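Line order of the protein sequences matches chains A, B and C. Under numbering that gives the first Met the number 0, the residues of the first sequence are numbered 0 to 308, in order. Under numbering that gives the first Met the number 0, the residues of the second sequence are numbered 0 to 310, in order. Under numbering that gives the first Met the number 0, the residues of the third sequence are numbered 0 to 379, in order.
Calculated from the structure, these hints are not laboratory results. Please read these numbers as outputs of a predicted model, since none were measured by experiment. Check the hints yourself; a few may be wrong.
[What the hints assert, rightly or not] Pairs of lysine-lysine residues, derived as DSS-like cross-links and limited to a Cα-Cα distance of at most 30 angstroms, are as follows:
#1 B/K213 to C/K280
#2 C/K117 to B/K213
#3 C/K100 to B/K213
#4 C/K100 to B/K111
[To be verified] DEER-style ranges, computed between Cβ atoms:
#5 C/Q261 to B/R115: 53 to 59 angstroms
#6 B/I38 to A/E189: 23 to 29 angstroms
#7 A/L217 to C/A133: 25 to 31 angstroms
#8 A/I195 to C/R184: 31 to 37 angstroms
#9 C/A133 to B/T14: 24 to 30 angstroms
#10 A/E189 to C/D171: 33 to 39 angstroms
#11 B/T292 to C/E177: 47 to 53 angstroms
Just so it is clear, CB atoms sit at the ideal spot from N, CA and C, and this is done for glycine as well.
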Amino acid sequence: MTAKTDTSGAHGVGSPPPTPTKKRSGARAPGERSLAASPTTWFVWAGTAAFFIFLIGILVSVVVDSLGKSWFNTWLPESFSKDWYSNAWGQFEMTHIIGVTLIVAVVVIVISVLVGVPAAYLLARRNFPFKKTVTLLFLLPVLMPPITYGIPLATVMYNIGLGRTLTAVILVNLVPSIPFVIMTMTPFIEQINPTIESAARMSGASMRRVFTKILMPLLIPGILAASILVLVRTVGMFDLTFLVSGPQSDTLVVAIYRAMTAAGGGEARQLISSMAVIYTLTMMVILIVALRFVSPTQLVARVKESRED
Amino acid sequence: MTSPALGRSTATRSTASMRHRLAERGIDTSLLMLVPALIFALALFVYPFTYGIGLTLQPSAATQEKWGGGAFSNYVAFFKDSFVSDSVWLTMRLALPAALFNVLASIPMAFKLRHRFRGKKFLTTLLVLPITLGTVLTAQGLLIFAGRQGWLNRFLMQIGVIDQPLALVNNYLGVMFSLVISGFPFAFLLISSYLSGIDPSIEAAAKTMGADWKQRFRRIILPLLAPGLATTFILTFVLAFSVFPSARLVGDAMGSTRVMALMAYRAFGEQIDYPMASTIAIMMGVIELVVITAVLLWRSFLYKGSTGGKG
Amino acid sequence: MAIAASKFESLELQGVGRSFGGIDALVDLNLTVRAGEFIALLGPSGCGKSTALNCLAGLLPLTHGQILIDGKRVDTVAAENRGFGMVFQNYALFPHLTVEKNIAFGLQMRNVPKPEVKSRVAEAIALVKLEEHAKKLPGQLSGGQQQRVAIARAVVMEPRLVLMDEPLSNLDAKLRLEMRTEIRRLHQSLGLTTLYVTHDQEEALSMADRLVVLREGRVQQIGTPEDLHNNPANWRVADFMGYRNLLDLDVTAVKGSAVTLQGEGFTLRGTAVLPVTVGDKARAAIRPEDLVVVSPAEPVRGGNTMAATVSVVEYHGREFAVGVTSPSGRGLHVHSDHAPAIGSTVELTADPGRVLVYQADAIDVEKLSVEERELAEVRG
């Protein structure tokens, strides 16, 4: 059976004395350099540090700015006040703007999902004539710069009298969002085993019931992930909204931009900072709610999968 | 009567109903599910786009007068008016380096961070942050933080590295910063997921065959990662090329960061010259397409295959 | 054969162990391998066999013990410098390189001159009979072909040790049988020392010179196929080796190694593997092939008779596998040279030398592996 080996050093000359009971770290394969060793690592950590310094610096600067009474030549503002926020709220009707932003976002999400998910289902499950053309058609708006189709689209909007309306803002935001939902949901549906649907039908379920009782529950995580992405994109979308919106239909980003570029050098910097902070807080709240359902890499990895072709 | 089979027999023709024959080819009522999406795509994308192209061929009277060329007057103006045509080069000058940097810097980062470690999820969440902050907020923040009076310059002067504040905003650098801040996390996350898509046992196999990390990287990982890198570059480039608000807010809108998007908007919103605006917009798309095609061609000369696992 | 093994005299694993994250994946493995041997590491999933292999390859670090080749320590050497060949479970072929380039890779890493690379690669391809696929990419090959490329890739380097991690588990049954013979043939003609991991005891028995049976990271038994087939060291190894009938009985008499057991409505004579005393609870293990239905051609053996009721009959060509129920309701798997009627009562017999008796130890439900738990549920 098992022969107990003699470990008392009866080996060839020059071999180190055996230490069979010494315990060693289990994290690295022999010969592998540790995470802290090479020069590339230092470069990477230095780069990451610089990046985060900028990021945090930017964020904090804006927050401090928005809370300072006046701040020009010193490290920190001389005094602090919350006046800028109330100014912003009053002068710019923040409630109205936030309301507009949320309405646009929600409507865009709902329509995109209602229209996009069925289309994604077909693309995932069926082959039909001209499928490649249709796929390309849906892929294009996501790949192009928004300006390229945005300007002609805005021209049409103005021509039919929809310029500067809420409807126009919603419509233009749908152009990238519907394909986005389709591109995100198609691989998601593909990875659901199609034989599940066959099994349901053999148990007597009609097509409609297969959809509502079997497919929809499985699709919810994907739909949530896609919705969050659409939400972030729409709330943050500048180019398209800017082209067709007006004072009554500006979203938050557009309002801030207008404030920054208003004739005569723009509004007071602190005012803008307070609006920017309000914007960030809104985004944060949205994201915190979102991250309870999806993990961060999914947010981008989904896009990667859908753009694989 | 039946004729004798002549060598190879032909398949029997389907005698099923029309409905079934159509279904074989994928046409049945469920195709209706595609219709709403198609309607939106056609009405809001295809139609305006073709209308826009048509519009470019209907130059305004002023343009025709100034540049000649009849129906193609807009295009003549585009290429001849250096104020406008220079914007192509200026946009490229921003977008190409930004995209290259974002992709190349992501590679070592993705490598170092691909194994599990404590705080990985936290780090990844932090990296997603800039994507959500958006360009406008980043612009405002850069103006304050990296401005002449901002903390960055103060700090550098304090520790004696410089005696005059650096001009980091309202110029090319400002827009560059903005592009990197918003583009790098995106590129990093994409490349990370491509990297994790490579089967780890392939690397283990290379190890057992005597390859050290340099050889593994050059001969195994890089070729398998290359298609993903190309895709990431294309996506990052598209984002960078479309830069619009940052060029105005932290750049030099009438000077060194006079990007195409700004020119298009100027024609649209300020000059109310819809045909010219559409022309610039279309040209943006065309130039982008050229770059994308070039990258895709390069990519298709690389290996064609999956990224790992059994066939 | 131009591909010959670089020789070493012995490979020793001394007290090799690996613990990670609070789990002991492998504990105190002691093994000496002679040059040219084919050793199988066998056990259920999670038993530590793959861990042992990966530690040997250098892909995982040891937490205890050391590995020596001819007295020189190998466990501190990086994987790329050990000079072992490895075949992975999912083949791990480089998807962007052709079959030829895949096989040539290891030689290129060792800076072998180009003409030699070419000839050695051609030889390896001929060895696994893949000449007409030499320029194809892995994605264009079937599972079996990919597996042969993986093998060629490992042996072309003339490694002093070949490691195989369940290489056949992803193939279909027929192909698996063919490849088993192929691997055995290669081993016999090339003489390369091989360590082979598998969970299939039949495979291990047919291919190996010696087997190492592992469970929960610990060695249960090391021996030749014959040793393990006929003399399993404990009831768990017996269970794993196909002794499907495990009966918990009371020891009523002991005389040397001959024991008499009682329970489940039987009285049985058996042979103790480890000493037991009267009054102990014991576990008797009997192979289905050794427990037969009495018939004119199969007389009673060693005075062992048991009555049981027939519940299932399976046709197996030359004989029948019969499922019976004991008077106490316990199911048994037996063999018969004829097909008894379902529901009839038959008499069973077994040679006492083939009734192996072990101490019955408590089964800790918590520690059962997934497969063991499932088996227990099905057996009832």
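Supplied distance hint 47 to 53 angstroms, evaluated on CB atoms of B/T292 and C/E177: holds (48 angstroms)
Could you say whether the range 24 to 30 angstroms given as a hint is met by the Cβ separation of C/A133 and B/T14? Taking Cβ atoms as reference, C/A133 and B/T14 lie about 48 angstroms apart, which means the hint is violated.
Hinted pair C/K100 and B/K111, Cα distance within 30 angstroms: With a Cα-Cα distance of about 29 angstroms, the restraint between C/K100 and B/K111 holds, given a limit of 30 angstroms.
Can you confirm whether the C-alpha distance between B/K213 and C/K280 stays at or below 30 angstroms? Violated - the C-alpha atoms of C/K280 and B/K213 are around 61 angstroms apart, more than 30 angstroms.
Given a hinted range of 53 to 59 angstroms, is it respected by the beta-carbon distance of C/Q261 and B/R115? holds (56 angstroms)
Does the alpha-carbon distance linking C/K117 and B/K213 stay inside the 30 angstroms limit? holds (24 angstroms)
Cβ separation of A/L217 and C/A133, checked against the hinted range 25 to 31 angstroms: For C/A133 against A/L217, whose Cβ atoms are near 45 angstroms apart, the range 25 to 31 angstroms is violated.
Proposed proximity, B/K213 with C/K100 (alpha carbon, max 30 angstroms): holds (18 angstroms)
Is the gap between the beta carbons of A/I195 and C/R184 within 31 to 37 angstroms? violated (44 angstroms)
Can you let me know if the beta-carbon spacing of A/E189 and C/D171 is within 33 to 39 angstroms? violated (26 angstroms)
For B/I38 and A/E189, compare the CB-CB distance with the range 23 to 29 angstroms and indicate the outcome. With Cβ atoms ~24 angstroms apart, the hint holds.
Checked against the numbered hints above, the structure breaks hints 1, 7, 8, 9 and 10 and satisfies the rest.
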